[in-house]
Amino acid sequence: MRPAEGSVRAAYADAIAVLAHRVLDTLRGVGDTAPLAGFVEGAADPKAALAAIRIIGADTLAAQALGGAAAHPGDVAAVRQAAAVFPTPVHVPAPPEGSAENWAVAWRDWATARLLERHADGGAETHAPQPAAGPALAPNGSWQSWAVLMAQLSPLSLPGVEGPVPDAARRHPVSLARGITRAMLRRDYPTAARLARWIAVLHRDGVPLPLDPAPLVEHISLHAGGGTRLALDVAIARALLATTPGRTAG
Amino acid sequence: MTAPVTSTAHRIATRALGWLHTHRARAGLPADTTADLGDPNSVYKPLGETALAGSLVLRDAAAGSTDKRIAKELLDHSWAQFRQGDLLYERQLRHQLMTDPLETYAHFARSGYHHEGMARLLRHNAGLASVRAAEVVPNRRLAIANAARLAGVDLGTDWDALARATWLGAAAEPWAIDWMTAYAMTHTVFHLTDWGGRPEGLPVEMAGYLTTWLPVWIDIWREVSQWDLVAELMIVGACLEEPLCDPESWAALAAVQHEDGLVPRDGEPVAEDEQQRFVDHQHTAVVAAVAGCVAVARTLTTTGGTGA
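So the protein lines, in turn, are chains A and B. If you read the first sequence in numbering that gives the first Met the number 0, its first letter stands for residue 0, the second for the next number, and so on. If you read the second sequence in numbering that gives the first Met the number 0, its first letter stands for residue 0, the second for the next number, and so on.
Calculated directly from the structure, the hints in this document are not laboratory data. Note that CB positions come from ideal geometry on N, CA and C, so glycine has one too. Keep in mind that a hint or two might mislead.
[As the list claims (entries may be wrong)] Not the full set, but computed from the structure, chain A residues with beta-carbon under 7 Å of chain B:
1. V173
2. R177
3. T180
4. R181
5. M183
6. R185
7. V206
8. P209
Isolated chain A (complex conformation) (with noise of 0.2 Å):
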């Protein structure tokens, strides 16, 4: 690797740090009425500050998706203008015609926009188009690379997301769960952890699950260590399952 690139990697993995941790206060109600807006002002390399928010996606309007409320203008605009730097692809196959990774991405990409689409005052202002639902959204016989990409799709278990991608986690609830306690067993908290936003869901929604959501989460929340976005995560499961009857948040 060579030296610039290597910087540019660390200056984009603390920009990543800096906004998950932003993110969690705004979750948590503490922190700037405008956290993303001031995250990008404040940021000493404005480029890196708009990929943090382009790879976080969805999740920073978690506090307004979980909540219901507006996000700032200021925070739909720097959202749009990471939209704008960082754009998706126009075609972007599923798998296995095209690359599993980009087809993510393309999807997270689009619940962003679904998220701004609800949450910016003054209505729409993002046209992204839905990625091809495609074959890939069920396990066929891997339930174990199924819940891999269930886990890079999490952002999409955020409320008002919906569409193909949650829709099919509700159709899978024992792949989901085999996902989790694979990931559990092989000490991979941060997929764990994202996996347990959609078993949060699963369980809000009343989907018959083989295991407990809440002790699983308490066990992660236990081996978060200092990790902000891992942290992130279990802090929106903890959320999604508060918002079941009968729950309190924790």
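Please build the complex by placing chain B on the supplied structure of chain A, with the hints as guidance.
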């Protein structure tokens, strides 16, 4: 997908059994062995495990005539090492609360071997409160209960209550299992179903729980090449009323088996020294032989195994 599993399982079992048979002279008790057995795990326990594999091959009608002959010779070898049962009898008589003589004898009883003194002693012991009340963890208590059943004595076992008392009976969080608990869980299934001989012995809810989680456990222990445990988990799959025999897992087990029939216990290098190879991997050969044997019998007698 049944046919490929049946033939793969048969090949694994035949080769593992053949390897145990080829090297059986390496498993011999020292001439001065007494009922106290200074080191019961070195030779005595493996001889009993080999007898188990042999007894299952003879029990399950699916085995071919060569496999049956080899199985019988393995049982005869172990029986001769145990001095036609005298050693088991003396050990049980001297150590009344030990359960390994009964558990070892049961493999022979399954195949029609008999020791009159041992049979009398076991009947006597079975009536003692001291024997029945010995403090043993539930999956081990199931092993004793199944051995007693095979030996024709009644310990007054409440099978349902005992099954519920195990880790498996708790329908525990599948993500909180560990290596040792996984082994214990497999043995709960082995003894409740008598190694696939009576699949109905496993309560329906436990079978459902295993159908959901067994694919995960096989996957994660396969990834780290814990072949001994993987093969034990594959036996569990074959013991279910609707067998869970994933063709890919069977192909993976077949792929790690050496040309001579050795099945490595894990991903570590296999020793060059023949005696060391035998000592290190004997248990896994027994497990592979049992796994193959039970899977063949179960996939032939049911509508077929399913992968998941």
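Hints versus structure:
1. With its C-beta approaching chain B no nearer than about 6 Å, A:V173 sits inside the 7 Å limit, and its interface hint holds.
2. A least Cβ separation of about 5 Å between A:R177 and chain B falls short of the 7 Å threshold, and the interface hint therefore holds.
3. Taken as an interface hint, A:T180 checks out: its beta carbon lies about 5 Å from the nearest beta carbon of chain B, inside 7 Å.
4. About 5 Å separates the beta-carbon of A:R181 from the nearest beta-carbon of chain B, less than 7 Å, and the hint is met.
5. Contact between A:M183 and chain B, as hinted, is supported at the beta carbon level, the nearest pair being about 4 Å apart and thus within 7 Å.
6. With its C-beta approaching chain B no nearer than about 6 Å, A:R185 sits inside the 7 Å limit, and its interface hint holds.
7. About 15 Å separates the beta-carbon of A:V206 from the nearest beta-carbon of chain B, more than 7 Å, and the hint is not met.
8. A least Cβ separation of about 5 Å between A:P209 and chain B falls short of the 7 Å threshold, and the interface hint therefore holds.
Checked against the numbered hints above, the structure breaks only hint 7 and satisfies the rest.
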